[in-house]
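Q: Sequence:
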Amino acid sequence: MTGAYHVHPRAQGGHVHCNSIRARLDLVLAWLEREGPDILCLQETKVTDEDFPADPFHERALSVACHGRKAHAGVAFLSRQEPQSVVFGLEGVDEPDEGRLIAASFDGLSVVNTYVPQGRSPDSSHFQHKLQWLDALRSYFDQHYTPEDLLLWAGDFNVAPEDIDVYDPKRLAKHVDFHPDARKALEKVREWGFVDLFRLHHPDEAQQYSFWDYRVPQALERGMGWRVDHIWTTERLADKCTDCWIDVQPRRAEKPSDHTFVVAGFDL
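Position one of the sequence shown corresponds to residue 0 (numbering that gives the first Met the number 0), numbered consecutively onward.
Keep in mind the hints are simulated off the structure, nothing from the lab.
Each residue gets a CB set at the ideal place from its N, CA and C atoms; glycine is no exception.
There may be inaccurate statements among the hints.
[What the hints assert, rightly or not] Below, computed lysine to aspartate or glutamate pairings styled on DMTMM-like, alpha-carbon distance capped at 20 Å:
hint, residue 1, residue 2
1, 173, 186
2, 239, 266
3, 254, 203
4, 239, 220
5, 239, 180
6, 187, 161
7, 69, 49
8, 69, 58
9, 169, 203
10, 187, 141
11, 169, 134
12, 254, 212
13, 187, 220
14, 183, 141
15, 187, 134
16, 239, 148
17, 183, 161
18, 254, 58
19, 69, 48
20, 173, 162
21, 183, 162
22, 173, 161
23, 173, 212
[As the list claims (entries may be wrong)] Label-pair ranges, simulated between beta-carbon atoms:
hint, residue 1, residue 2, range
24, 106, 242, 21 to 27 Å
25, 238, 141, 19 to 25 Å
26, 85, 52, 36 to 42 Å
27, 120, 34, 23 to 29 Å
28, 120, 161, 19 to 25 Å
29, 216, 58, 36 to 42 Å
30, 58, 169, 47 to 53 Å
31, 57, 19, 15 to 21 Å
32, 221, 119, 40 to 46 Å
33, 50, 266, 17 to 23 Å
Please construct the entire structure, taking both the sequences and the accompanying hints into account.
A: What follows is the structure, given as structure tokens:
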């Protein structure tokens with residue numbers, strides 16, 4: 000899950016991979032009540048647009064923009080300000096209903112929310128699709144934005160960029176979310192002109208993760224995590240960022256997502 004901003008001089012945004020918005024609705028609502036972000040980006044909502052539970056967010060004066068499909072993928076924005084424009088999909092690699100990219104503009108601020116394909120295994124066609132998707136995303140930024148824009152890119156990137164971003168880099172070296180080819184593909188997108196806000200403010204902090212696999216017993220307690228959820232911005236917007244942090248508390252909830260919230264604050 001990711002959150003963003005742009006209504007108040009001091010603004011906050013965040014995002015979270017919710018692993019089904021209907022299953023995590025109470026968790027998301029509780030976090031919104033506690034943190035009050037200006038923008039929250041959701042990934043893996045697993046619901047069609049018609050069935051997205053928008054009413055509880057409308058009751059809290061939040062605008063909803065979503066792009067999803069039943070039981071698979073799906074992305075959404077929750078925002079205090081209604082976006083001026085919203086577009087969906089990544090040209091060339093997404094099926095029309097795949098639900099992996101949603102982009103919006105808010106009075107000069109652009110926000111792109113993505114759920115990058117996971118890739119399954121390095122020897123599969125799904126992993127090649129992941130690499131192609133990241134390559135197409137680089138082209139998408141080339142075509143629609145410039146590094147001088149106020150642009151925020153947030154979401155589940157399904158890639159841990161550096162050794163410090165996983166609990167065991169040697170053991171995980173060939174995993175699709177830490178594979179050298181995936182890291183190179185993500186680095187190519189970063190070189191377009193992005194700053195990793197978490198590392199900007201916490202360059203050397205280890206064991207700072209956003210994802211802990213359900214299948215690993217007591218992964219959170221044992222520190223067996225990954226930092227695969229990110230908020231990246233252009234340098235112009237990074238200069239206005241006051242902090243970026245990972246809120247681990249929701250992962251300790253009774254029925255958590257396997258991911259948790261990444262949050263950034265801005266002095267606009």
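Q: All hints are to be evaluated individually against the structure, with a verdict given for each.
A: Here is how each hint holds up against the structure:
A distance of roughly 17 Å separates the Cα atoms of residue 173 and residue 186; the hinted pair therefore holds under the 20 Å criterion. Taking the CA atoms of residue 239 and residue 266, the gap is about 5 Å. The hint holds against a cut of 20 Å. Restraint check: the Cα-Cα separation between residue 254 and residue 203 comes to about 31 Å, which exceeds 20 Å; the hinted pair is violated. Using a Cα cut-off of 20 Å, the hinted pair residue 239 and residue 220 is violated, with the two alpha carbons roughly 34 Å apart.
The suggested pairing of residue 239 with residue 180 is violated, with an alpha-carbon distance near 32 Å, which exceeds 20 Å. Proximity of residue 187 to residue 161 is assessed by CA-CA distance (about 14 Å); at most 20 Å being required, the pair is judged to hold. A hinted pair counts as satisfied when its Cα atoms are at most 20 Å apart, and residue 69 with residue 49 qualifies at roughly 10 Å. Taking the CA atoms of residue 69 and residue 58, the gap is near 24 Å; set against the 20 Å cutoff, the hint is violated.
At most 20 Å may separate the alpha-carbon atoms for a hinted pair to count; residue 169 and residue 203 meet this at roughly 19 Å. Distance check on the hinted pair: residue 187 and residue 141 sit about 12 Å apart at the alpha-carbon level, within 20 Å; holds. Among the hinted pairs, residue 169 with residue 134 is inconsistent with the structure: their alpha-carbon atoms are about 26 Å apart, more than 20 Å. Between the alpha carbons of residue 254 and residue 212 the distance comes to roughly 14 Å, so the proposed pair stays at or under 20 Å and holds.
About 34 Å separates the Cα atoms of residue 187 and residue 220, which puts this hinted pair outside 20 Å; it is violated. Straight-line distance between C-alpha atoms of residue 183 and residue 141 comes to about 18 Å, which keeps the hinted pair within the 20 Å bound. Annotation: proposed proximity of residue 187 to residue 134 holds, straight-line Cα distance about 8 Å (limit 20 Å). Our distance criterion of 20 Å between C-alpha atoms is met by residue 239 and residue 148, whose separation comes to about 13 Å.
Between residue 183 and residue 161 the alpha-carbon distance is near 11 Å, which keeps this suggested pair within the 20 Å criterion. With a CA separation close to 23 Å, the supplied pair residue 254 and residue 58 exceeds the 20 Å bound. Taken as a hint, the residue 69 and residue 48 pair is honoured in the structure, with Cα atoms around 9 Å apart against an allowance of 20 Å. For the suggested pair residue 173 and residue 162, the alpha carbons sit about 13 Å apart, so the restraint of at most 20 Å is met.
Between residue 183 and residue 162 the CA atoms are separated by roughly 13 Å; this keeps the pair inside 20 Å, and the hint holds. A distance of roughly 13 Å separates the Cα atoms of residue 173 and residue 161; the hinted pair therefore holds under the 20 Å criterion. Our distance criterion of 20 Å between C-alpha atoms is met by residue 173 and residue 212, whose separation comes to about 17 Å. In this structure the hint that residue 106 and residue 242 lie 21 to 27 Å apart at CB holds, the actual value being about 23 Å.
For residue 238 paired with residue 141, a C-beta distance near 22 Å keeps the hint of 19 to 25 Å intact. Judged by the Cβ atoms, the range 36 to 42 Å given for residue 85 and residue 52 is violated: they are separated by roughly 18 Å. Taking the beta carbon of each, residue 120 and residue 34 are about 36 Å apart, not inside 23 to 29 Å as hinted. Distance hint check: the CB atoms of residue 120 and residue 161 are about 22 Å apart, consistent with the given range 19 to 25 Å.
Hint check: residue 216 to residue 58, Cβ distance near 38 Å, so the stated range 36 to 42 Å holds. Range check, residue 58 to residue 169: Cβ separation about 49 Å, and the 47 to 53 Å hint holds. At roughly 20 Å, the beta carbons of residue 57 and residue 19 sit within the given window of 15 to 21 Å. For residue 221 and residue 119, the Cβ-Cβ distance of about 25 Å falls outside the hinted range of 40 to 46 Å, so the restraint is violated.
The supplied range of 17 to 23 Å is broken by residue 50 and residue 266, whose beta-carbon atoms lie about 38 Å from each other.
Figure legend: structure checked against the earlier numbered hints; hints not met, in rising order: 3, 4, 5, 8, 11, 13, 18, 26, 27, 32, 33.
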